[in-house]
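Can you build the whole structure from these sequences, using the hints too?
Read top to bottom, the protein sequences are chains A and B. Using our numbering, the first residue of the first sequence is number 1, and each one after it goes up by one. Using our numbering, the first residue of the second sequence is number 1, and each one after it goes up by one.
Incorrect hints may appear among the rest.
Identical copies carry no separate label here, and so any pair may be met within one copy or between two of them.
[Claimed, not checked] Distance condition first, Cα-Cα at most 30 Å in a straight line; then the derived DSSO-like pairs of lysine-lysine:
id	residue 1	residue 2
1	52	223
2	137	387
3	168	136
4	168	74
5	136	383
6	137	383
7	190	211
8	387	136
9	137	10
10	168	137
Calculated from the structure, these hints are not laboratory results.
Listed below, chain by chain, are the residues.
Number of protein chains: 2
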Amino acid sequence: MQDSTTDFRKLWSEIGVDLDLHDQLMAGLDRVFTHTHLWQKDRPASMSLFDKAFHDSHAGRVAEIAAYRAKGGKSVGTFCIYVPDEIALAAGVLPIPLCGGSGWAVDHADRMFPRDICPLVRSTFGMSFSNTCPYKKLKDFAVGETTCDAKKKAWDLLGFLSLEIPQKKNIIDRQLWLSEVERFRGEMEKLSGRAVTAEALASSIRLVNNKRRLLQRINGFRKLDEPPISGLDALLVSQAALNMDVEAFNAAAGVLVAELEERASKGVSAYSMPGPRVLFAGSPSPMGFAKTHYVVESSGLRIVADESCTGMRYFRDLVDEGASSLEDMISAIADRYFSIDCACFSPNMERMDNVAALLPEYRVQGVIHGILQYCHGYDIEAKALDKVLSAAGVPSLKIVADYGEQDEEQIRVRVEAFRELLAVGGGITTG
Amino acid sequence: MQDSTTDFRKLWSEIGVDLDLHDQLMAGLDRVFTHTHLWQKDRPASMSLFDKAFHDSHAGRVAEIAAYRAKGGKSVGTFCIYVPDEIALAAGVLPIPLCGGSGWAVDHADRMFPRDICPLVRSTFGMSFSNTCPYKKLKDFAVGETTCDAKKKAWDLLGFLSLEIPQKKNIIDRQLWLSEVERFRGEMEKLSGRAVTAEALASSIRLVNNKRRLLQRINGFRKLDEPPISGLDALLVSQAALNMDVEAFNAAAGVLVAELEERASKGVSAYSMPGPRVLFAGSPSPMGFAKTHYVVESSGLRIVADESCTGMRYFRDLVDEGASSLEDMISAIADRYFSIDCACFSPNMERMDNVAALLPEYRVQGVIHGILQYCHGYDIEAKALDKVLSAAGVPSLKIVADYGEQDEEQIRVRVEAFRELLAVGGGITTG
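Structure (structure tokens):
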């Protein structure tokens, strides 16, 4: 253990990590993880694989990528589930999702960014500016996108390549998006010096679809009366899916699926007590951040579905595997990503429909709008979603959260009141 | 006077205005206007025309539009300088810019919108929700756009028609924007039942271009050593241009131009003392809001140029009048609006170039980044602009403002320090 820690310190040092600040970051992440996750009494045993992935994200995974790059491998940082992994992988480029989930890092962004932008953006750049992101120098460049004002302008400021995500879903928007996907392919090919072939793309489409299928299966167990995995752990699995090597993740997810099947057949629940079944809706929760999920589940509610970017939005849709030509595959990829129901679309009827469909499927009794502070898109759209929920008689509670821990008990008061409301079958929308 | 007031109360009542709340709003607007504008000692006499326009915006102008609509005229509310007025006018539809500038109205938006979105959006909807916007029922519908997250999602929530503004300036973005301009034409024609003809469009292009030319001339006087019009008054003129009937505005602007020529020839300054020449850059200042301009100029700085949407961004570019076919005119209109250098573009190099060009042209010694609170786009882009300013040796000061008056003296402390910095010729960027 001592040796391995020493090795990582050597590696971190080589890749420009500020060791003292990084120690602070890691101590904070460990403490938060213990606090938010390890109180759970009935976790699947194979969650240890994902606990390990969490801790490996600044250690073993970094070493893997460093080794890959030492052999000439190329990699890019990404910040959004719109970036088509399949194309990067087929060009021989490893995409590394870099959205920050560390509350510790947030204030470190202040030397460049305004304080009143979302904690996700601030955490991401706080880690970069404080030289505590081990991936900072383990990438050739970063690929942003235009999903929200704060991210869009941050990429501009830092001179990142950025993909234009259209804001409507008309035919010309699909054309624009296809041209962006093609541009991305060109950039990936230029970086690796390797052309994307139909064979390589078919292979990466299958690989990434398999990851999505496994995530779908894991999350499908949450439809049961006694979900064998908690919302907190399902979130951790998604967070790990974004960091781990795809094949390693798929192997771990397969182990978890087998265990969940076993638990399901025996009626083993992840929860020690029954509690209202709720849907988590809204902003993403990058690895390191699970405050809202934690407060909700430790207050006796059960998050049985999560429609966010670190939930179903990440794995709901597969790329059509029926295409055989390269052109058709690229088109299928464009279609798949164009169907993402992000709040950046105006209007965003697909999200309304998708959420409405989840309510009976997961027997949702209430919705938690989990909004990152200053995330205007999901914050305002929560009100539009409430119209859909209200029509279905499903109450909601909006929790606007930053990455700080100080307000957990304030949030808990509201969550407990919401639990009481759901327990008596109330239909009043509180969002 | 009594009669006219009584008449307006009758009119307001007929169009659904809440008279008690509207009295509060008007008292607040009058008080703020007196506070921000009437301390100035050397205003052009013809500014009285624009002071009147300010007060008429809830009175005479409302009566004009009510009379126009009573005769079957159509009108739409707009919230952004991207909406092509020329096309609406040529279709026989009156566009009414409705961005709110009232601090009083901001909190009235809370029943629907989050509190941490920009005061412009909250003021706009606060006036609507409190039934103090006299234009609420004097329009057939509202036309939004996708320029920022808060506005985009607000239009969705309220079910507004909205135009998609692209986020990059590539060829396909221009195609997308042209298709949106065409869609807007279709909507306007459908509303009025009148097809846009080449003749009508050529006429409205000339009319609106003439407004822009007058605004350009008025603002051109600010290049002089002794600007004959203050930044505060130039802002008021722009605000009036957005509310007044175009021909009435052009007539008033013509009177002002003649007076400014006279003042310029005699070296009459709008300022009683010389002070550092600064550029105002950033978010718009809708009618009713002039806090930042007020604090800056009452602290002894002279705002000699304003690149915001209520400054040059509104009138810098003309529509090419060389086109003769309807199709070419529509294309020329699309080009003109596509050249707007809003922070919604990624990257927004045109704005960097435009600001760089203003620095020598107006002999700018410092830049005030006037940012509306939670306006992520201009807030983050201020940092990108600072790189341009730094290269030119021009310091900047960022002022993030809401519509409240409580922090004026706090802001003044910072502005006065900035004035001292400029006075000693310091080149330190403080933004």
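So, going through the hints one by one against the coordinates:
Proximity of residue 52 and residue 223 under a CA criterion of 30 Å is satisfied intra-copy only: 26 Å inside one chain copy versus 65 Å between copies. Only between protomers do residue 137 and residue 387 lie at most 30 Å apart by alpha-carbon distance; the minimum there is 24 Å, versus 46 Å within a single protomer. For the homomeric pair residue 168 and residue 136, the shortest alpha-carbon distance between copies (27 Å) is at most 30 Å, but the shortest distance inside one copy (33 Å) is not. For the homomeric pair residue 168 and residue 74, the shortest alpha-carbon distance between copies (27 Å) is at most 30 Å, but the shortest distance inside one copy (33 Å) is not.
Taking the shortest Cα distances, residue 136 and residue 383 sit within 30 Å of each other only across copies (22 Å), while inside one copy they are farther apart (37 Å). With identical chains, the CA atoms of residue 137 and residue 383 are at most 30 Å apart between copies only, with a shortest distance of 24 Å across copies and 41 Å within one. In this homomeric assembly, residue 190 and residue 211 come within 30 Å of each other (Cα to Cα) only inside a single copy, at 27 Å, whereas the closest approach across copies is 49 Å. Taking the shortest Cα distances, residue 387 and residue 136 sit within 30 Å of each other only across copies (23 Å), while inside one copy they are farther apart (42 Å).
Taking the closest pair of Cα atoms, residue 137 and residue 10 come within 30 Å of each other only inside a single copy of the chain (15 Å); across copies the shortest separation is 69 Å, beyond that limit. In this assembly of identical chains, the alpha carbons of residue 168 and residue 137 lie at most 30 Å apart only when taken from different copies (28 Å versus 36 Å within one copy).
When the structure is compared with the earlier hints, no violation turns up for any of them.
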